[in-house]
Each structure stands twice: as structure tokens, then as C-alpha cells.
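Chemist: Work the whole structure out from these sequences, hints included.
One line per chain: the protein sequences are A and B, in this order.
Our numbering applies: residue 1 is where the first sequence begins, and numbers increase by one.
Our numbering applies: residue 1 is where the second sequence begins, and numbers increase by one.
Simulated from the structure, these hints should not be mistaken for lab results.
Every residue, glycine too, gets a C-beta built ideally from N, C-alpha and C.
Derived contacts from chain A toward chain B, CB cut-off under 7 angstroms, selection only:
hint : residue
1    : Glu-48
2    : Val-50
3    : Leu-56
4    : Pro-65
5    : His-67
6    : Asn-68
7    : Ser-81
8    : Pro-82
9    : Cys-84
Simulated restraints, written as ranges between beta carbons of each label pair:
hint : chain 1 : residue 1 : chain 2 : residue 2 : range
10   : A       : Glu-37    : B       : Arg-325   : 50 to 60 angstroms
11   : A       : Asp-22    : B       : Glu-145   : 29 to 39 angstroms
12   : B       : Glu-299   : A       : Gln-49    : 29 to 39 angstroms
13   : B       : Tyr-265   : A       : Ile-61    : 33 to 43 angstroms
14   : A       : Asp-22    : B       : Pro-191   : 23 to 33 angstroms
15   : A       : Met-58    : B       : Gly-70    : 48 to 58 angstroms
16   : A       : Asp-59    : B       : Glu-145   : 30 to 40 angstroms
17   : B       : Arg-105   : A       : Arg-26    : 27 to 37 angstroms
18   : B       : Trp-106   : A       : Asn-88    : 21 to 31 angstroms
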Amino acid sequence: MANWTRACATGDIEPEDLIRFDHGTRTFAIYRSPADEYFCTDGLCTHEQVHLADGLVMDYIIECPKHNGQFDYRTGAPERSPVCEALNTYPVKVEGEDVFIDIG
Amino acid sequence: MPTDLQFRDYSLTGPNAGRGFAANDWYTTPIPRKRLKELMRRSDRPALINYGLWLGLVFAFGTLLVAAWGTWWALPAAMVYGVLYGSGGDSRWHECGHGTVFRTRWLNEAFYHLTAFMALRNPYLWRWSHARHHTDTVVVGRDPEIAFPRPPSLRDWLLNLLYIRAILTELSKMLCLGAGRLTEDQKSFLPASEHAKTFLASRIQLGILIAVASISGALQSWLPLMLIGLPTFYGSWLHHVLATTQHAGLAEDIPDHRLNSRTVYLNPLFRFIYSNMNYHIEHHMYPMVPFYRLPDLHEEIRADCPPPYPSLWACYRELVPAILRQQTDPGHYIRRPLPDGAGQTPDHERPRFMAAE
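Modeler: Here it is in C-alpha cells:
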């Protein structure tokens, strides 16, 4: 069953960028792609638990700020070592100017 | 002086091999996100200009070496070619290892593997070793790349100034990895999923070296080896002279790159050879920033950092006495002064991860 939670406003994230969203004890990364799509993954890198929100978005890639490991933030798939383990991804919907994520 | 610093065990599986600092423990000078994004942004253009110029010079001086072979002119040609190949190649290997040089990913990977061979480094083992070095910079029992354990070996240091020991170590690693063997320390940071690729890379590198040596033998000439393989030995000295300034003699076990790393001003030629790694505090604090933006990053954070060394000479004038003193006083290290108003070092100098605690 979906559990939609408002994460931010669409304008809170610049195109080709991301922000951090903390909810309870969990932390997420919300992305805005160059094509104005929104995505959500876990907020911490699976390699060394670094916040991805300090990283760099390039097209559909998020690069971890500590070791330059890369993920495809649409699927969570690791794209460059030293990351080997995929990120969890979460459904996102945009209603008006609000971004919602389904965090289960 | 803490007595536990005397003759510490630097191995990654010894008594100091507990956990390192958490990622959030490390000090970073705040930079507005918008500015940081500008600095982190990759571009193929400056990267291609730099790497194209470097590769062009390697080919030009390689051609000169071939043309001058058999005359005394081969000596200066080899000296320049060796430095471009060995020292210039090593710094470019490092940059491509971070993946920050080119926006186009395959260019990063292609240059990474080319320069890893030129530096005689295993591309997979070193990628993981270097990731750990950035996680736990100069943290004893965690960082596999501490080049100056206390007390430092003067013999090793002098041998390494001519890159002799380091290269022999890399060759020995290549042989062991080619034979499918890893040390316990290497296993501690290299995941099992990378083992096969690591072994294969060493075998390929060994195969190339053997092929070049065979051609040299068949031609009864050292020239092929002088062009491929040996330049790493006779040309990496400059890289080592410059890289010694990175962390030697500075604090251990402190989550603040301003105190365990150095920024040293160098002339443009050395900066070109060394890919701006003289901005080493900046590189460690923000490893996402490509080498061609490090001078800008330096300006952004310099008010929060110890004063940069004005020259290589100034740096060595401080570094050499410290290394010598550590021979008899391993607890001694250089305390870098933070400017007034600089951000506080987290928890100061308390090593919080010692296995004995």
C-alpha cells in the first residue's frame, strides 16, 4: 500500500541536482533530472554511508562526494566502483508544485 | 606526547585496525552548494587540452629519444621523456582514478588504464586502496597508503626519492597478483568481486612488459624498454619528490585534512606534471573537484586553512628536519597552524577508534 509523503516543492531542487530529505530516522535523496523528472533513492551511499546530497548529478548519474562511486538514480544501479551494491529507489509523483515519495 | 604513538602498527589487520572516523566526522570548510557545483562540474575541454598536450609531449620526446639513440643527445631526451611518462603519467593515473577528469566516462576509464600501466600500478587494487585512503586519510591501521609511518625509514625514503623502493614494491605486487595471490591487508579493502579483474589486469600488464622485453632482446637494443617499462623507473622521481609533500611529517589520526595534508605552491611546469596535486588539502576535502578547478577551490577555502607553503623548498625545509627528528622521537609531528576564525577541528586530536579502547 502506497504511503505518499510530501518531500519538497518542485522548485526546491534545481534541474540536474538533488536535495536531502530526512523522514523519521531515514534519509533520502530527491533528484530532478535535466528533463525535469523527479526520482528518489536512499540518501546514503551503499559504500561508506556518505550523504549523496553533497554529490554531483550528471545526466542520470549521481556521484558520491567521498569516493566518486556512481549510481544511476533512476534504477539505483551501481555504475562505477567503489560502489557495488545498488541503492533502493522509491516511487515519486508530482502534484502541482509538490513532490511526493512513496516510502512504504 | 602520547606513548601509544611509539612504534605503532600500521598494518590493516593489526591491533590498530579498528574502525576509522565516520564520514561526517571529517572537517570540511563550508562552501555554498551553488558554488561547489560549479567547482565540481566536469568538462572534456580543459581535460582534453591537458591530456592532449601531455600525450603530445610524451610522443614528441619519445620520437626525439628514438632519433637520438646511440648519441649523447639520447640522455637529455630520455630524462625529459622519462619524467613526462613516469611522473606525468602517475599524477594522471591518480586523477582518472577519481573519475573527475573528463565528463565523458569512457575517456576517464581509457586514460585510467593507460596511465595505470605507465605507473605500473594495478588499476583495480589501487582504486580500492585509494578509496580507503580517502575514507581514512592518515588514520593508522586503516589507511593503506601511509608513505611515512613513524619512525620513517630513512633508507626507504632516500630510495623512494629515486622511486626505487616503490617501483620494486609495485613490480612485486604485479607478480603476486598475476599469480593470483593477495595479502591479508589487500583482502581487507578489496572486495571479492574485484579479485578476478585485479589478477587479470596484472597478467595483462606483465604480458606487455614481457613482450617489450622480448622485442628488446630480439633487437639486441635497450631502446624498446627505454620507451615502455623502464621510464617508470628512471622518470618517476619527480612525482615522488612532489608527492612526499602530501602528508609526510604531519598529524595522524585526526579528522581534519587541513592538519594531515599540505598545500604547496609550485611553478606551472611542476603543476602540469603533477596535475595540481600540490593543492592537496583541497583535493582531500573535496575529492569531487577536478584537478583543473583546484586553484579556484583553493581561493574559496584558503582563509579557513593553514597558510600554504610558498615553495617546494620551503616545504622541504620544514619536512626534512621533522622526518629526521622522528627517527628518535616517533611521537613528533608538524602542527599546522589554523588562522584566526578558522573552523574548529572536530574533537581535536583524540584517536577514537583504537582497538585497545
